[in-house]
Amino acid sequence: MITIPTEPIGSIPRTPALIEALATRDGADPALEPLYEEAIRDTIARFEATGSPVVTDGEQRKYHNFWTYCVHGLPNSAPDGFPIPFAAGHVRRMLRLTGGPFRYQRRADAYLEAAQRYAHAPVKQAVISPSALSLMYPAEAIPGYSRDQFIQDLLREHETEVRGCLAKGAHKVQIDFTEARLAVKIDPSGKLLHSFIDLNNLALERFSAAERRRLGVHTCPGGDRDSTHSADVDYAELLPALFQLEVGNFYIALAGEPDRPRVLKIIRDHMKADQQIFVGVIAPIDPRIETAEEVCQRVLEAAQYIPVERLGATDDCGFAPFCDDTSTSRDTAFAKIGARVAGVALAAKKLGGG
Amino acid sequence: MSIQDNEQELLRSVALQNAQSILLARRRADEELHRAREALQKESELLRVTLASIGDGVISTDADGRVTFLNGVAEELTGWPQTEAAGRPLDDVFKIVNEYTRDPADNPALRALREGHVVELVNDTLLIARDGTERPISDSAAPIRDAAGATLGAVLVFRDVTEEKHAFATRARLAAIVESSDDAIVSKTLDGVILSWNAGAERLFGYTPEEAVGKSIRLIIPPERHDEEQEVLARIRRGERVEHFDTVRVTKSGRRLDISLTVSPVRDGSGRIIGASKVGRDVTDRKRAEEALREADRRKDEFIALLAHELRNPLAPLRNGLQVLRMAAGDLHAVAQARTMMDRQLGHMVRLIDDLLDISRINQNKMELRRSRVLLADVISSAVETARPLIDAAGQELTVALPPEPVFLDADLTRLAQVFSNLLTNSAKYTERGGRIWLSAELQEGDVVVAVRDTGIGIPADALSSIFDMFSQVGRTIERSTGGLGIGLALVRGLVEMHDGVVVAASDGPGKGSTFTVKLPVLAGPLAAAPGGETRAAAGPRRRYLVVDDNRDSAASMVMMLKLLGNDVRAAHDGVEAVEVADGFRPDVVLMDVGMPKLDGYQATRRIRERPWGQNILIIALTGWGQTDDRARSQEAGCDGHLVKPVSLPDLQKMIAELTLRQERSDS
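So the sequences go chain by chain: A and B. For what it's worth, the working numbering labels the leading residue of the first sequence as 1, then goes sequentially. For what it's worth, the working numbering labels the leading residue of the second sequence as 1, then goes sequentially.
Rather than coming from a laboratory, the hints here were simulated on the basis of the structure. One thing to keep in mind: the hints can contain errors.
[Said to hold, decoys possible] Which residues of chain A face chain B? A partial, calculated answer using Cβ under 8 angstroms: (1) PRO83; (2) SER134; (3) LEU135; (4) SER195; (5) GLU211.
For each residue, glycine too, the CB sits at the ideal point set by N, CA and C.
Extracted from the complex, chain A is given alone in its bound form:
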């Protein structure tokens, strides 16, 4: 009997009531508290109903997005940061730092703590990577607040957030590194990617080996309104560098890849001995609900390249990284998750000889 671990990436479409309320109110409005609580409770309940061994709060309280949740409302910032253009034509913008110092406005361990009040299964928590936030510092130097100082502050803030999650018992802390693939797209020379990886490693190195076994990195071509920002970037240009990250777990979008065996070969050739690989077996941007058998086949396929004991399954991406994304319904998301859980179990059975 073998067990193949399976985990979600994180976000689940917000409840309709919450989306409606957020359309007219600031996300920090205390009046929304009951809606947040109900959304979290319902999300976890539905997560657990799928049989998912690990759950999340569906990022119900990340009322902007997975990227800027921690700096949203930072007074020394402006909304006119760099754009992230998606294939569907829409653009998401980052915040721009207008002065020092750089400080998180909220940390994800607070979300974890809220989720744990409702959860019976282990809760996983996603945080944004330092490299994503590093793009907040503008091209021109901020007077009195150097870029070097900003990097130091960024690393410290990130470390504090991750430690908070670990200390509160997060099953895993997943660092969202979706800009990795975007970095390759922006700078095909790879310098930007290596710079991002180096920055993230500077953060990861602050943790012990045991702690890093509870940390993971998620990479995907982005997913917003059933669209990606860097699906055209070849994994061959990303994964070899990605595996240089000093982290124990990798959550790699794979279901949406046109040539999965090729990607799996790249993974096989570059992953390190102590790394656990969670391959994406569900494509959130695909409105079709995968069948369990389909998921099973994808797992079995991955198992041909990745040792079973180091293989895990996940979704390619969150189902709604941006809170106002209504392209996928909650029912669909949980149906897909249910398929993943069932498919992985089926694959484990088959791989176990049962």
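Dock chain B against chain A, hints included.
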């Protein structure tokens, strides 16, 4: 270029500028890492050296209890080298059992892993090394945790406590010796501050350890001896030992004790003198005993001088008497006076010597009483008869008052009469001429109390308690003037106590007379047959006597006396001659001296007994030795009787009569 392209170019620019800062941060991180690694390496090296150099064994394990490290001491004690031990379960390498039950002991490191806390020292544990060697150890263990508190393993620290155990046992023995010692054993600083105080010290000086420790040793030193303590401490500082130093100390109650002290320097591990240990012994009793011995010795010397004097006193009149006999042989009156005087002086000498022998027998518990049922009146009568001449000679008046009813005692009549004659004689000696003496007796609750009271010189109050002691100084001057050895009262007490009685002396002081009171238990019941009277000298049947004595005068006088009684008498002057004479003479009775040249009396007796004719004759030992052992030896040699010189004729005749009667009964 579109706006989007511009922004992408700007983004690239930002990213690349960031890359510079990241690179700088990387360098800083690498430098910090390098420094941290160097520090860690130093710490590791320091730890390695520390672990290697400490005397304790150290073993570390991983979280599963498998050995990860042993230091050198641990390798030595367990017999497992690091290379072989690493990765093995700790129980394989560190085998321990309870020292007394031999049951496997709970491994402290595994317990620390299980329970997640420090396991303190565990004792009574034996470590069994790889080669089976067993050592007592003490051990403790603690979990090893990372910064986040996760248990990474355990560290076990242990050490061989064989020496400690031996040292502890030795210390315990020494402590037990110190505590159980009757001597006071005290330690103090060089400033005289008491550091320890054993039970002996508490018993001796009365202070508990709580009261004494921390105080100055002057606590028990009399003020006038404080300088002496400074001198002792000065000698200790010089490393000298003070042995058997006799001094005085004072107890908590203020009593002063004679103490013998031995004081020794106490040194620390480097040999530096840091204090002193004192062993103090109470020698108060010893001092008193020594003083008493000295006093007794002094009295003995005085007594011997007195004895020599008193024994010489009768010799002068005796010699004079002999001279008178020679010179006035025809003057019957002068001869009679001389004989009376000589008889008196001789009697006095005999009494002196008898008293000496008696007191010696009493002191050696060799006095034998011939107890029978006797009348108090007979005892008093005999005593008065003995003392009467002295009383009459001093012109004193004696009044005797006895109970009207007969009073019976279980007593040796002769010895008890001796008691009262001594008391009466004592009163006569110490009472002025014409003074009065009373002897009264009355019954008191089963006892008879006999008091001898006089109007004499009395006894000082401080001498009353010692008046019955041997060689007492009291009245020595008068004793000399009145004659005697001053042992009469000691003899009185000895004889009274042998009769289960008590004697006490009382006096209102010098010049106010004395009273000696004897209390004796009375026998209940009707009058029994009165004891027989003394045998008087009588002619008796004619017999053939052989007198054997190397003292020719003694032999000649005895021959003369026996011949005057009509017997056939021969003499011999050594043992060989005795056997030869007896062979031809075939005596009925042999009076055999014991200490003689050539052949002593015992040997001569044996040889005579070997002759057919010698088996039924009477042989009586006649000697100056009268102890029980002497009597037993003569009896063993074959003598029928044993008489002590000088022998009175009536005593001799009485013994011969008794022995003859016994012999006749035996023959019939």
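Status of each hint after checking the structure:
At a threshold of 8 angstroms, the smallest CB-CB gap from PRO83 (chain A) to chain B is about 6 angstroms, leaving the interface hint in force. Checking SER134 (chain A) against chain B: minimum C-beta separation of about 5 angstroms stays under 8 angstroms; hint holds. Given the 8 angstroms rule on beta carbons, the hint for LEU135 (chain A) holds: about 6 angstroms separates it from the nearest Cβ of chain B. Interface restraint check for SER195 (chain A): the shortest CB-CB distance to chain B comes to about 4 angstroms, inside 8 angstroms, so the restraint holds.
A distance limit of 8 angstroms between C-beta atoms decides the matter here; for GLU211 (chain A) the minimum to chain B is near 7 angstroms, and the interface restraint holds.
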